[in-house]
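Chains as they are written, first to last, in our numbering: chain R, 1 to 209; chain H, 1 to 390.
The set of hints was computed from the structure by calculation and includes no laboratory data. Please note: incorrect hints may appear among the correct ones.
Claimed, not checked - A few chain R residues that face chain H, going by a derived Cβ cut-off under 8 Å, partial list only:
#1 E81
#2 L82
#3 D84
#4 S100
#5 S193
#6 T195
Don't be surprised by glycine CBs; every beta carbon is placed ideally from N, CA and C.
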Amino acid sequence: MITLAIPTGTLLDDSLGLLRRAGVVDLNRAELGRKLLVEKAGLRCVLVRPADVAAYVNHGAADLGIAGKDQLWEAPGGHYELVDLGFGACSMIVAVPEASPLAAPETWPPTLRLATKYPLATQRFMQRLGQVVDLVHLHGSIELAPLLGLVHGIVDLTQTGRTLRENKLRVVAMVGRSSARLIANQASLKTRSETVQGLVTRLRQSVDA
Amino acid sequence: MRRWGYRYVVTPSLERVDLLALGLDDEERRRLFKLVDQDGSVLGLVSERTVPVARLVAGKLRGAPLPLRLCYAGPVLSNHPEGFSRQRETQQVGAELIGASGPLADSEVIALAVQALAAAGLRRYQVDVGHSGFFMGLLEGLKLPETAKAAVKAQLVARDFVGLEAILNETPLRREEHQLLLRFPALRGGPEILNAAAGLVRNRRSDAALSELRRVHELLALHGLEAQVSLDLGAIRDFDYYTGITFEGYGPDLGRPLAQGGRYDTLLARFGRPAPATGFVIHLDRVSEALQRAGIQPDPVFLEAAIAWSQGGLEIALRLGQALRGFGLRTVVSTEPRALATARSWATGLGARGYCHVNEGGQIAVGLDRGWHRLSLAEAVAQLAERSAR
Numbered sequence: 001m002i003t004l005a006i007p008t009g010t011l012l013d014d015s016l017g018l019l020r021r022a023g024v025v026d027l028n029r030a031e032l033g034r035k036l037l038v039e040k041a042g043l044r045c046v047l048v049r050p051a052d053v054a055a056y057v058n059h060g061a062a063d064l065g066i067a068g069k070d071q072l073w074e075a076p077g078g079h080y081e082l083v084d085l086g087f088g089a090c091s092m093i094v095a096v097p098e099a100s101p102l103a104a105p106e107t108w109p110p111t112l113r114l115a116t117k118y119p120l121a122t123q124r125f126m127q128r129l130g131q132v133v134d135l136v137h138l139h140g141s142i143e144l145a146p147l148l149g150l151v152h153g154i155v156d157l158t159q160t161g162r163t164l165r166e167n168k169l170r171v172v173a174m175v176g177r178s179s180a181r182l183i184a185n186q187a188s189l190k191t192r193s194e195t196v197q198g199l200v201t202r203l204r205q206s207v208d209a
Numbered sequence: 001m002r003r004w005g006y007r008y009v010v011t012p013s014l015e016r017v018d019l020l021a022l023g024l025d026d027e028e029r030r031r032l033f034k035l036v037d038q039d040g041s042v043l044g045l046v047s048e049r050t051v052p053v054a055r056l057v058a059g060k061l062r063g064a065p066l067p068l069r070l071c072y073a074g075p076v077l078s079n080h081p082e083g084f085s086r087q088r089e090t091q092q093v094g095a096e097l098i099g100a101s102g103p104l105a106d107s108e109v110i111a112l113a114v115q116a117l118a119a120a121g122l123r124r125y126q127v128d129v130g131h132s133g134f135f136m137g138l139l140e141g142l143k144l145p146e147t148a149k150a151a152v153k154a155q156l157v158a159r160d161f162v163g164l165e166a167i168l169n170e171t172p173l174r175r176e177e178h179q180l181l182l183r184f185p186a187l188r189g190g191p192e193i194l195n196a197a198a199g200l201v202r203n204r205r206s207d208a209a210l211s212e213l214r215r216v217h218e219l220l221a222l223h224g225l226e227a228q229v230s231l232d233l234g235a236i237r238d239f240d241y242y243t244g245i246t247f248e249g250y251g252p253d254l255g256r257p258l259a260q261g262g263r264y265d266t267l268l269a270r271f272g273r274p275a276p277a278t279g280f281v282i283h284l285d286r287v288s289e290a291l292q293r294a295g296i297q298p299d300p301v302f303l304e305a306a307i308a309w310s311q312g313g314l315e316i317a318l319r320l321g322q323a324l325r326g327f328g329l330r331t332v333v334s335t336e337p338r339a340l341a342t343a344r345s346w347a348t349g350l351g352a353r354g355y356c357h358v359n360e361g362g363q364i365a366v367g368l369d370r371g372w373h374r375l376s377l378a379e380a381v382a383q384l385a386e387r388s389a390r
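Model the full assembly from the supplied sequences, consistent with the hints where possible.
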């Protein structure tokens, strides 16, 4: 039996919609939320936190998973990234307070202090720029950190830019674009290739349609 | 492995980092545990043993004629975040066949790896055989600038097909070439996929890779391993290190490969003794995890014979012990006198497969399925040897 890891949170409804449209499985949000593990249509679906999907797939506890690219940046290796599912689009950006003198990378101080939930992606991006950074790893309400003078700016996700505007933050650089991806365990693709590939193909066709 | 004529070698656990780096990619290099030597040079704890074995072949074994068949076993250290307990030290067993090229050598090493997995007690496993030349030929055949080719390789090594597609969309490649690059990783199965692949790709390097794969598959069938082996043209490995046939062994329910290997014909030249080479490593910790998941107990029999004796029977007991050891049986002779009545529970407590008792008069009784049987020394040896062979 194939195990599929589905993320809680903002990607959940779109994920269930895709699985239904592709004719893979018709899951009810309430049912999945209550039981966390549902077996249906020859598929075992587990509901896990978005940041944990890659861990389940990398270790082979799930054969397939749906995860935001932003989470994959933080959990490299061990999985195949197969399909861009299109939904959950957002950008990872560097933002500073509106009043800050900082703008494009040339104006940044030698050591830029940043708060983020995404230390790996931030490090990689800043390394490419040759920028030294001092990272403060926070888990929520990142927007607060620069307002209280803890850091120069933040690296975070934004969809519409509303939260940034409300907190008087301004975008100065783009780290990358994220959206939901279908990922697969490396061994599952080999040892259960027919079933796994079959599922992947159905999801891909549904996305392309 | 010794039965296949592979000599056991021991290599140091500590090596210079620049030397270890020859067999590692950037990420693996970062994950080495490092120490600083008295003269300031940086040393690393070995995280794999192919490079140390290669150095041995080009150094101490320089005079030994090729091909050389060598095997090793031991702990390796790596600051790798995989695994649940973030275990830094793991156990590896491996073999290298150095100085032999061609499908015969490749298939010998694959067959040995399969036998080793079977000997570990695994009942269900499969080995996927690929060839790095197939993809390299495919890439060479494309009209792309070098930077774009490097980017394509990097995305493939990262197994990021979404990123690969994004890169391809910015290249002037034709749609068929696009599809080929995105879909070739799914080319997996029996020998029939070789024909399918030959229809897709027309270049000398890929063709050569396909015919080598065909031959290796035939040879593995001669080894009797057809059922366990699949062909996998989408095998994605370190393309700068492997130069030919590559393979990976998988268990049924484990997310990571149990065994990995392949041909690396350029490594030995870096130590000044150019030679073709192929080999593999088995990750013992993963094998043990696979065995546990499959509910397979490793064979607990350690002792083949246990000899108890009563006062006065010691001399015969010691002679019997020597004789059994002479036949290669793992034998324990009790360190204190023991009555016949307690001999059986003592021996089974030790986990011995066979047992016997020597009484005051030097008479030997061998414990068999239905009670004790009085036998001569020669008969006793024959009985116990036969029991252990069962």
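Structure-based check of all given hints:
Interface restraint check: E81/R against chain H, minimum CB-CB distance 4 Å, threshold 8 Å, status holds. Below 8 Å, beta-carbon pairs count as interface contacts, and L82/R has one with chain H at about 5 Å; its hint therefore holds. For D84/R, the suggested interface contact is upheld, since its CB lies about 4 Å from the closest CB of chain H, less than 8 Å. With a least beta-carbon distance of about 32 Å to chain H, the hint placing S100/R at the interface is violated under the 8 Å criterion.
Restraint check, S193/R versus chain H: the minimum CB separation of about 6 Å is within 8 Å; hint holds. Hint status for T195/R relative to chain H: violated, with the closest Cβ pair at about 13 Å, above 8 Å.
The structure shown violates the earlier hints numbered 4, 6.
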